[in-house]
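Enquirer: Sequence:
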Amino acid sequence: MKRRSKVAYGIGDTSISLTVTIVGVYFAVFLTDVLGLSAGLAAIALFVGRSWDYINDPLVGYLSDRTRSRWGRRRPFLLFGA
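Take our numbering: the final residue in the sequence shown is number 82, and no numbers are missing along the way.
Be aware that a few hints might be false.
To be verified - Listed next, the in silico SDA-like pairs over lysine to any residue satisfying Cα-Cα at most 20 angstroms (straight line):
id : residue 1 : residue 2
1  : LYS6      : SER17
2  : LYS6      : ILE16
3  : LYS6      : GLY24
What the hints assert, rightly or not - Per label pair, the in silico range of CB-to-CB distance:
id : residue 1 : residue 2 : range
4  : LYS2      : ARG73     : 36 to 42 angstroms
5  : GLY40     : LEU78     : 33 to 39 angstroms
6  : ARG70     : ILE44     : 41 to 47 angstroms
7  : GLY40     : ARG66     : 25 to 31 angstroms
8  : ASP65     : ASP13     : 41 to 47 angstroms
9  : ARG3      : TRP71     : 35 to 41 angstroms
Since the hints were derived computationally from the structure, they do not count as laboratory data.
Heads up, the beta-carbon is just placed ideally off N, CA and C, and yes, glycines get one too.
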C-alpha cells in the first residue's frame, strides 16, 4: 500500500477515534460525578462492557462470515443489529 493511501486512511480514522475517546472520557466523568459511582465501581462497569465486546465481537464476526442469505452476508447483521 502506498504511503499516501496509509495517510488518507489514518486521516479518515482520526475523526471517529477522537469522537470515541472524548465520549469515553466524558462517560467516565458522568459515571463518577453525575451518577455518584465510586471510581472502582465505574471502572468495573467499563470493564464489564469491554469484556462483553471481547467475547461477543469475534463470535458475531464468525457468524456473519458464515451467513448466507438472500440479502448477503453482512446486511442482516447491519439491519437487525443496529
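Enquirer: Please go over all the hints and tell whether each is borne out by the structure.
Expert: Hint check:
1. LYS6 - SER17: 16 angstroms, holds
2. LYS6 - ILE16: 16 angstroms, holds
3. LYS6 - GLY24: Answer violated: LYS6 to GLY24 is near 26 angstroms, above 20 angstroms.
4. LYS2 - ARG73: 36 to 42 angstroms: Hint violated: Cβ distance 29 angstroms, outside 36 to 42 angstroms.
5. GLY40 - LEU78: 33 to 39 angstroms: 37 angstroms, holds
6. ARG70 - ILE44: 41 to 47 angstroms: 43 angstroms, holds
7. GLY40 - ARG66: 25 to 31 angstroms: For GLY40 and ARG66 the Cβ distance comes to about 40 angstroms; the hint is violated.
8. ASP65 - ASP13: 41 to 47 angstroms: 23 angstroms, violated
9. ARG3 - TRP71: 35 to 41 angstroms: 37 angstroms, holds
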